[in-house]
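Going down the list, the protein sequences come from chains A and B. When the letters of the first sequence are read in order and numbered with the working numbering, they come out as residues 1 to 163. When the letters of the second sequence are read in order and numbered with the working numbering, they come out as residues 164 to 765.
Any given hint might turn out to be false.
[Stated by the list, open to error] If you want the ones that stay clear, here's a sample from chain A, every Cβ over 10 Å from chain B, calculated:
(1) L43
(2) K63
(3) D83
(4) M91
(5) E102
(6) A151
[Said to hold, decoys possible] Covered stretches of chain A, going by a simulated chain B footprint (3 or more residues, C-beta under 8 Å):
(7) 10-24
(8) 28-36
(9) 127-140
Worth flagging that the hints you see were computed from the coordinates, not collected in a lab. Think of the CB as a built atom: it goes at the ideal place given N, C-alpha and C, for glycine as much as any other residue.
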Amino acid sequence: MAKVLSIIPERCTACRACELACSVKHTGEFNPTRSRIKVSIFLEEAVYIPTACTQCSEAWCAKICPTTAILRNDDYMAYYVDDNKCVGCKMCVLACPFGAIELYADHGKAEKCDLCLSIDGDPECVKFCTPKALLFTDEDAGPKAKQAATALRMKEVYKEVAG
Amino acid sequence: MGWTGTILRVNLSNGSVTKEPLDLQLARAYIGGRGLATKILYDEIDPRLDPLGPANKLILATGPLTGTNAPTGGRYMAVTKSPLTAAIACSNSGGYVGAEMRYAGYDLVIVEGKAPHPVYLWINNDRVEIRDAAQVWGQSTHETEDALRAATSAEAKILSIGPAGETLSLTACIINDKHRAAGRSGVGAVMGSKNLKAVVFRGTRSVKVAHPQEFMRACLTAVAKLKADHGSGEGLPTYGTPGIVNVINAHGFMPTNNFQFGQFAGADKISGETIHEEILIRNKGCFACTIACARVTEVKAGTFKGSGEGPEYETVWGLGAMTGVDDLAAVTKANYLCNELGMDTIEAGVAIATAMELFERGYIPEREIGRSLRFGDADALVEMTEKLGRGEGFGALLALGGARLAERYGHPELFMGVKQQAFAAYDGRGAQGIGLGYATSNRGACHLRGYTIAAEVFGVPRKMDPFSTEGKAALAKASQDATAFVDSTGTCVFTTFALGPADLHAMLELATNAGYTEEEVVKIGERIWNLERLFNLKAGFSAKDDTLPRRILEEPIPAGPAKGKVARLGEMLPEYYRLRGWDPQGVPTPEKLRDLGLYPTP
Ligand code: SF4
Ligand code: SF4
Ligand code: SF4
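Please take these sequences and the hints and turn them into a complete structure.
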């Protein structure tokens, strides 16, 4: 079964280790602006939200790409950018509803999270996220866990009402 | 590699901005952060100068690991001559600013001179502007950050001073990322004296290390060790630093009511466990930190309503046990005020506690304070903290710090600290090693310049009897040297619970490729310690300043497990000097200096 990058913002401590790990894995240098995962930190509200490409089933970035540079690896269910085909037209940047794909000025090509499949398929960000806010799990593990938690809550309510 | 190789020098007197290449030989010899900045300060200023005069310099310094995945690799140092102690100051902070400074392309930022009017620095990669700060002068650190982010970049990372720094309070710190502090030694007042309200960084460049893949493997190994360790993997993430309140109190050396007692009856009310239950919102990590000891908290209701980060262990002590206040909401509120107004929670707390003892003994008349000021008075604590931060009324005297306050009222013996800097939250009568550490610390009383408590309480690296003086000279020295090394890399001393010099050496060497050996990095720590000592000797300090207040040396702790103990400094100091290779006057011998590569230069 394909694995997905699941993000649990409640666990995030805003350390940004994931941003660094991602950038160094893909560029060899530490540079958060080159990370494919971004942590938005709202200090006042104490809300920290890591975001990365969701690998949409119907990926607008890929659909709109005039050179078909954005391809899907079906084993991984992840979209990646073929550097040889990308011409830097920025259509994908416009199309992605999440801002999850960016164009980097220094090489003029699009970059997005590809679950590290262009390297070794072993997400680096996940390895460095000590509080486990990032997980690389089976596709349905996330929803399953949420379903179980919801059921548990309902059971408590049910007991109260019925009891 | 490892270093960005560029120093930014800004002269506020004439508005000049220059970029200089970093002397890589010097960088290798002092690593970065605390070490490198101390060397530069030592070379560039006269240690006797007026710390609040324009000739003093403020160096913001990162290490080669700042901005990398090395766990806790986000720290910067503020190095300057301290207006509180007149000794060398090096105050350290986490948050995101240090990393952003490196992404902007700089290892160090040296600020010189004094601006003719309030300004802030806007450092946007290569572009550096000295901008007018009239709009934010007088504002809190939080307001300043919001306003300057709006004026520059939403992604900017900012360090600033609050009203305390502007009014040159000797308790003033530098605040960054709203809740992180380069806290001690009055470094905020140095910024204030330069009319420098804030430094704003935005950097989009890369930090490079020599061997990225091996470096990342070394980082993962370090992360795993930190995770597996009881302190850094469990205690600190779960309860933050206040998790040790009950432990230290149980040992009987939690300084209470200005060191009149060794135990605090209300300890549990301000403990990490209570914070966890009552006010904790969530944990937070500094940049690249896998420990995440910071507490995001909120006091939801009542007079002391508010939200922010903290309190830390030293804070629940300084503003809590030390002032006898066990009202967590009040202590937390006072902490928030310190962050917003920009003062060190330790120095502020001790100043208030000193005033409380002076008042209770009848040395300060009530009319001068404008109210009664007794130990345990939560309202007084919060009111005095605010007055101190703004320099209003009696607050202007508190803003001088406990040492000068006690002196002013004719009872200098009631100030609890060394070299005019307040003690931290461990009584040197109970933990003998920390007593020696306080007495000999180059920046005045300080627990972070050699955390002997790790051995004396937590058994890291091995358990030592806190009441015994045996082996404490060696412990203090080793701990001081190791800390000087850690502080120079750009990482946090909390890693030392789980990591040894070998781990840090591995990351440092893979980052810099400078050919460091493991023995050498520890020696660099010793070199830094000695250089700081030389700075202080030149500034006029001598062996007579390596001492403790009379209370700590002569008045035994009255009750509890440490009952009857005093600090036996005399048993440890000569041995300490000997181990350091210093003469009986505490002056490094020429042989020692030669051995450390400090002779004939400086
Ligand atoms: S590594 Fe994990 S905890 Fe740290 S910022 Fe990223 S998602 Fe959050
Ligand atoms: S880049 Fe955007 S559109 Fe493309 S797969 Fe990711 S989230 Fe979907
Ligand atoms: S999975 Fe890989 S590419 Fe995607 S954000 Fe994580 S490190 Fe970056």
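- Message: Flag every earlier hint the structure violates by its number, smallest first.
- Response: 1
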